[in-house]
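Colleague: Each chain is listed here by its residues.
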Amino acid sequence: MSQTEILSKAFFNTDKVLKSNDDLESYLVGNSKNQTGMNVKVFVKLEADSIDDARYQVSGCPHLIGLTSILIKKIIGHDTDILHEFDYLSLAEAINLPKNKKDRLFLLEDAVKDCIKHIEKG
Amino acid sequence: MSIKKIYLDYASTTPIAGEVKKDIKSVLDNDLFGNSSSLDHDYGSSVSEFIESSRTDVAELINADGDEIIWTSGATEANNLALIGFTEFKMKDRPLKIVSSFIEHKSVIEPLMELKQKGHRVEFITPNHDGYLDPDIISRTLDNGVDLLSCMHINNEVGSTNDIALIGALCRDKGTVFHVDAAQSIGKLLLDVRKNNIDLMSLSAHKVYGPKGVGALFVNHETVGRLKPLIFGGGQERGMRPGTLATHQIAGIASAFRLAKSSMQQDYLHLSKCREIFLESIKDLEGLKINGDSNNTYPGIISLCFPDLNADSLIFAMDDLAVSKGSACATDSDEPSHVLKSMGLSQEEINGTIRVSFGRETSYEDIETASSSLRAASEHLRLISGGTA
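As given, the protein sequences belong to chains A and B, one line each in that order. Its first residue numbered 1, the first sequence is counted upward by one per residue in our numbering. Its first residue numbered 1001, the second sequence is counted upward by one per residue in our numbering.
Everything labelled a hint here was simulated from the structure, so no lab data went into it. Beta carbons: idealized from backbone N, C-alpha and C, even for Gly. Careful, some of the hints might be misleading.
[To be verified] Pair ranges (Cβ atoms, derived):
1. Asn-1030(B) x Gln-35(A): 57 to 65 angstroms
2. Gln-1265(B) x Leu-89(A): 54 to 62 angstroms
3. Gln-35(A) x Gly-1234(B): 46 to 54 angstroms
4. Lys-113(A) x Met-1264(B): 52 to 60 angstroms
5. Gln-3(A) x Tyr-1043(B): 47 to 55 angstroms
6. Lys-102(A) x Lys-1116(B): 29 to 37 angstroms
7. Asp-81(A) x Lys-1116(B): 54 to 62 angstroms
8. Leu-89(A) x Leu-1190(B): 54 to 62 angstroms
[To be verified] Here are some of the chain A residues that sit facing chain B, going by a computed Cβ distance under 8 angstroms:
9. Phe-11
10. Leu-18
11. Gln-57
12. Ile-65
Looking at chain B on its own, in the form it has when it is part of the complex:
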């Protein structure tokens, strides 16, 4: 299938990098088909060695130890395992107090709602108008005794970035276990689990030029150690995530993370330049506002809002671009974005918001095309609606 559109939806997913494809193919071509749990022969032990080496590669990106990495099917499973697995392992004779926020991904909010139904005390903090959590509010909330706090690093819809170092320090000070959903930030921003006092952290491969279907959960062996598994039927991953490991997928995530480690700084500079060029070229567009705080935002994600226009129509009118309204996980639904709603945006602002996200392969020519296309689309819709074109 050949799609001739400029891809500007890197926050949704990224294409697999050439180096990563090569490393996955190498596993498939080199007879690394053994079961990593079958240590009685070389087929199994060679795969086991390969997987442990990959685990070390993933751990090194976040300054963790290899045995603190648990393979999962992606960040959604990692979030579920972190929240449910921690709560159910930790719960002895009382419900846990868990705090999170309204801007989290559904794979955090929905497991927490499940835990709430089971009797745990779950509280969601409202973010500020720019889409990140106010550390003062977190500090006050933690004063009331919180067992677990979960928040994302980079928000997938607006790019707002939480101060993980500060929140981590507050959590450690109050004895609260700190879970970070780093699906959107891993390999894009430096994230040291030791320096940031992180206890659990969810990781994804496909947001950083790796394959879909694989992710990982960091479990701090000093502060958390064990989790109750979500599925049962084997001792893999120290009993916390049973199932035969997918060697070629693990090769993919390790390769993507190695690549991210070496190109992170260059990627960041490139995305910053893309953002600067794009915002400069569209700054005079009628009615345009940017959701979030430009000083506290990951440069690769821009949330554009035209309160008098319809986002679906804007996207439809930009038929040479692949952009989205926001989270890919909510596009089947007509429900307004819970993230934008929690930031206090009006119905019109939510209905008129689209997300543009840049990546490693975005060229400056792509940016120019995108800004022209956005200009033409907004003029087209204004003409149709009876406004000025």
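Isolated chain A (complex conformation):
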């Protein structure tokens, strides 16, 4: 699959979007926002130290939506350590993220870091 197709698939796939009928209470949430109004929310449901499920909500450009969608799928079923060690550059490569949109990666990383904070707080 080409990088454009990967981005497109991730952009249109809404399987892991947190919807209004989902049980929000069972998720921990991490949030980040930038000055232009782009916003990422990462939701994780833990089972012991493992990520049992993850969801997201995003307002922003196609790249930010695509990056978030791919990340969420990659972390499900892993130990929470994956949140600390995640290779964001591989995400950028997967969708051929333009250099002038690298800030989208930082925005996503900030949402994950915020989520880690909540996990550590318990």
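Based on these hints, arrange chain B on the given structure of chain A.
Modeller: For chain B alone, coordinates are given in the frame of chain A:
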């Protein structure tokens, strides 16, 4: 290359009309290869005759004389030549006072910034919230003594239309030279340079079903006459734009303008109908607002704003349509649109604005597909963002 998308970006550029292609091909096939400046033999003189006849065709669309038309590479060069060429020819011992507006195309704003750096007094007027210039503000500005006023006819991002007749009359009354950037309006709205008191006017071929790489500048021979060239090295175009003329391109612009003259009314009615159908079909979309004033807008351009959605994502989600955020000349940049900003739109409104523009080949079926696609795209983005879908 085969692209199966519905093209709704006619404000960016238009496909070359079949008749125009035929006329360009005819020049290439019929050995019209001579240099129009080589008048010592038939090869040159026949091309020269052809070019002068094309010049007349272009002039007739705007009620000008043939010798008031200077060929250029497009409207960008025409704007540069009009502004810099006029200022540098006219300047004797004092800087000029030049007025324009914040909604102009970059090919007007940037040459003016260059002139400002060279010491000329350049002032930009803020448009009203609907994206056009208030004649009262222009009138007051002209009272202070202005050498040159430059404004566009139709705005390329929102379709707002300036009252050229009124602005032209004000300029003539105050002795101000009036330049019109008609790149977006030529062949779409009637534009008579005599009736509208226009002194300089930039024209483009590719916005009106002609080829890219050719345009023209109207230079009123009674009020302006001469300009200082931007490039040097030949006497073509009466010394104002040297260089061997591109015969096949000139055939293209002349053909496109002839076609525009005969189909302008029909095109306008078609675009008005397209606009009406489209706006009716999307009027219930959540959060939608239309930028600009529907009573003072060219029907072929609609600026749609969803303040809670991201324009890039809207466009991406409508993968069966070719639409854009706004000016094609600014898409490489992450900078917000200077046009929308000057109209007073908020950051969210600018970030959520897309432009849909219709053309001669837009069908009513295309409009239906476009409205369904826009509906689906906005619902998709709302779902992803956690809003209601």
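Colleague: Would you mind marking each hint as holding or not holding in the structure?
Modeller: Structure-based check of each hint:
A hinted range of 57 to 65 angstroms holds for the C-beta pair Asn-1030(B) and Gln-35(A), which are about 59 angstroms apart. One distance hint, 54 to 62 angstroms for the beta-carbon pair Gln-1265(B) and Leu-89(A), holds here, with the actual separation near 57 angstroms. Restraint check, Gln-35(A) to Gly-1234(B): a C-beta distance of roughly 51 angstroms satisfies the suggested window 46 to 54 angstroms. The hinted range of 52 to 60 angstroms is satisfied by Lys-113(A) and Met-1264(B), whose Cβ atoms lie roughly 59 angstroms apart.
In this structure the supplied range 47 to 55 angstroms holds for Gln-3(A) paired with Tyr-1043(B), their Cβ-Cβ distance being about 52 angstroms. A C-beta distance of roughly 34 angstroms is found between Lys-102(A) and Lys-1116(B), which places it inside the suggested range of 29 to 37 angstroms. Judged by the Cβ atoms, the range 54 to 62 angstroms given for Asp-81(A) and Lys-1116(B) holds: they are separated by roughly 58 angstroms. For the pair Leu-89(A) and Leu-1190(B), the beta carbons lie near 57 angstroms from each other, so the given range of 54 to 62 angstroms is met.
At a threshold of 8 angstroms, the smallest CB-CB gap from Phe-11(A) to chain B is about 6 angstroms, leaving the interface hint in force. Annotation: Leu-18(A) was flagged as interfacial toward chain B, and the flag holds, the nearest CB pair being 7 angstroms apart, inside 8 angstroms. This hint holds: Gln-57(A) has a C-beta 4 angstroms from the nearest C-beta of chain B, less than the 8 angstroms allowed. Here the hint on Ile-65(A) is kept, as its CB sits about 6 angstroms from the closest CB of chain B, short of 8 angstroms.
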